[in-house]
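All chains, full assembly: derive it from the sequences and hints.
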Amino acid sequence: MACQEARRLAREVVKEHFGGPAEQVCAVLLERGRLTFGEVRRYARGTIRQVRECLLVLVQHNLVKTYLLATDGTVHGTRRHLYEADVEQILVRLRHPKFLLHAKDTLGEEAESVVQALLENGRLRMSQVLSSVAAKWEVKEESIADKLKVAFLSLLEQRMVERAPDGNQHPPACKEPFGLRRNRPGRGLAEAMAKKPEGKQGEETAQETQAKRFRPPGMFVDAQHTALQNAARRKRKKLNRIADDEDEEPPQQETLWQEDNGCQVLWRVNTKEFNCHFRHQIIVNTMAEMYGEKAGVLVKTMLKLSSKEETHVKDETTVLLAAEDIAKVCSTQTEVEPQLSYSEALDMLEFLSMERPGFLSRFSTNTEVLSYTLSLGKIIHHLKLKHVEGVVMQKFGDRGCRIFRLLLAKRMLEQKQVADAAMLPIRDAREELYKLMKEELVSVQEVPKTSDRVPARTFYLFYVDLPTVLKNITSEMYRSLSNIRARLEHELRQEEEVLELLDAVADKDNENSSTFTSLILTSTQRHQVEQVRKTAILLETLMGRLDDLIALFDHF
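Residue numbers (full-length UniProt numbering): 1 to 556.
If you are wondering where the hints come from, they were derived from the structure by calculation, not from laboratory data.
One thing to keep in mind: the hints can contain errors.
Restricting the straight-line Cα-Cα distance to at most 30 Å, the calculated cross-link-like pairs of lysine-lysine (DSSO-like) are [said to hold, decoys possible]:
#	residue 1	residue 2
1	K328	K304
2	K308	K384
3	K294	K65
4	K395	K272
5	K149	K308
6	K294	K104
Structure follows, in structure tokens:
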């Protein structure tokens, strides 16, 4: 569940990208959870046409999920749809430039253009992707069709693009919607239906969607592969006729191929896969920094071998990988520096498995085959602790950080025990503890000796509630990011006239260089433009760093 600051930032992003009416509809979904169309219209207080258009835009850009109720919703038996705002998808729009840069560095400019077309339009058919890229490059579609085919298949192989869900899936079980009491009267139909288990039908639908999620479109399938599929289908059809004595096969088996060949499938960017790639980069850099470049190469190889088996961005561990397979792949990689030989890879695996943090775990089977698994969750948790300790050090200095680390290691201590272990006077230790408590970095647990709870006969144990600390820091990051965005908007609004004049100069310069001299900025205006440019660069850099930390604390 997203925190209040994250939901507020999501509303600001929707308002900036899609306008006020869309922000109002999104705010209703963020505050009340899953709702039907009638409930959204009632709470948003808009016209039917306006609410429908806003929902259509939000669904098109993957910011709102749609589900189909499994039970009849009206007297006539028509099944209603549920709408739910996706906070993570809304906030990930701030990370789109990083997606484009990663796609370009990994797969080339053609892949970047495909990703950009999908990010700008949300969901597109293949023909629409081709038209969008051709219009951007100002070339004919036939001249770039082959390049885009290769780029699209590469993106699909890397799972960076996926088929968009059809919106007829059954809603998963959910908790109480945001900001609503469990016993409040007048709950809507959507909330009542969303809590009912969907049974085997919903599981089968989810499995079918997952199975065809990364299936390439029929127009891109190789001719030989298509011929083999058709031959196998004709053989099964013949066997079914002999066994069941039927004249024709049910038409459902041809639906998917007809749909694919007709280019009716909608595609979208798989933002979770991009987050997985960013998470892998952070893990590789961390291991390389702690244990050397060779350890980074080894971890990168393990992540590459297990990437196909990852089902979620926040997976705690990788799948079991045989030591021989890891060493073999490391020894055959020639484009990676530094290179590892077969024996060096085995030695590095043994060394990392014996290290105290336990980032790499070793398993052995009855056949005496050594297997290893990488604890991704422990590495991410280690990075979070380092950042939290850095925050404590910056705010409270060496003493506060020493007490914070001590409580993390010892769990619960009394005030005198904290002073003795931290080698501080009791008065200084008390002041530091109270400062940490004020910022909600340290909590206290009362343990009374008697039932009357007299302070003189009560133990006061100080400890660090780490989940609460991480939650508060994440919320503070969202608040800071929102404030920086507001500051950048304010700075640009202050110099709006000068910036409009600068845009006019640039347009005139592009159209006719002879008229450029008619629009010259004064020295004061040039100084204002330079100040705005420096401020914008600084604030955008801070936004990028905060986004990286938010991804580490909330998305990874």
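We went through each hint and held it up to the structure:
1. K328 - K304: holds, 13 Å
2. K308 - K384: Between K308 and K384 the Cα gap is close to 26 Å, so the pair holds against 30 Å.
3. K294 - K65: Given pair K294, K65 is violated - Cα atoms ~43 Å apart, limit 30 Å.
4. K395 - K272: Violated: K395 and K272 sit about 34 Å apart, past 30 Å.
5. K149 - K308: The given pair, whose Cα atoms are some 22 Å apart, holds under the 30 Å limit.
6. K294 - K104: holds, 26 Å
When held up to the earlier numbered hints, the structure conflicts with 3, 4 and fits the remainder.
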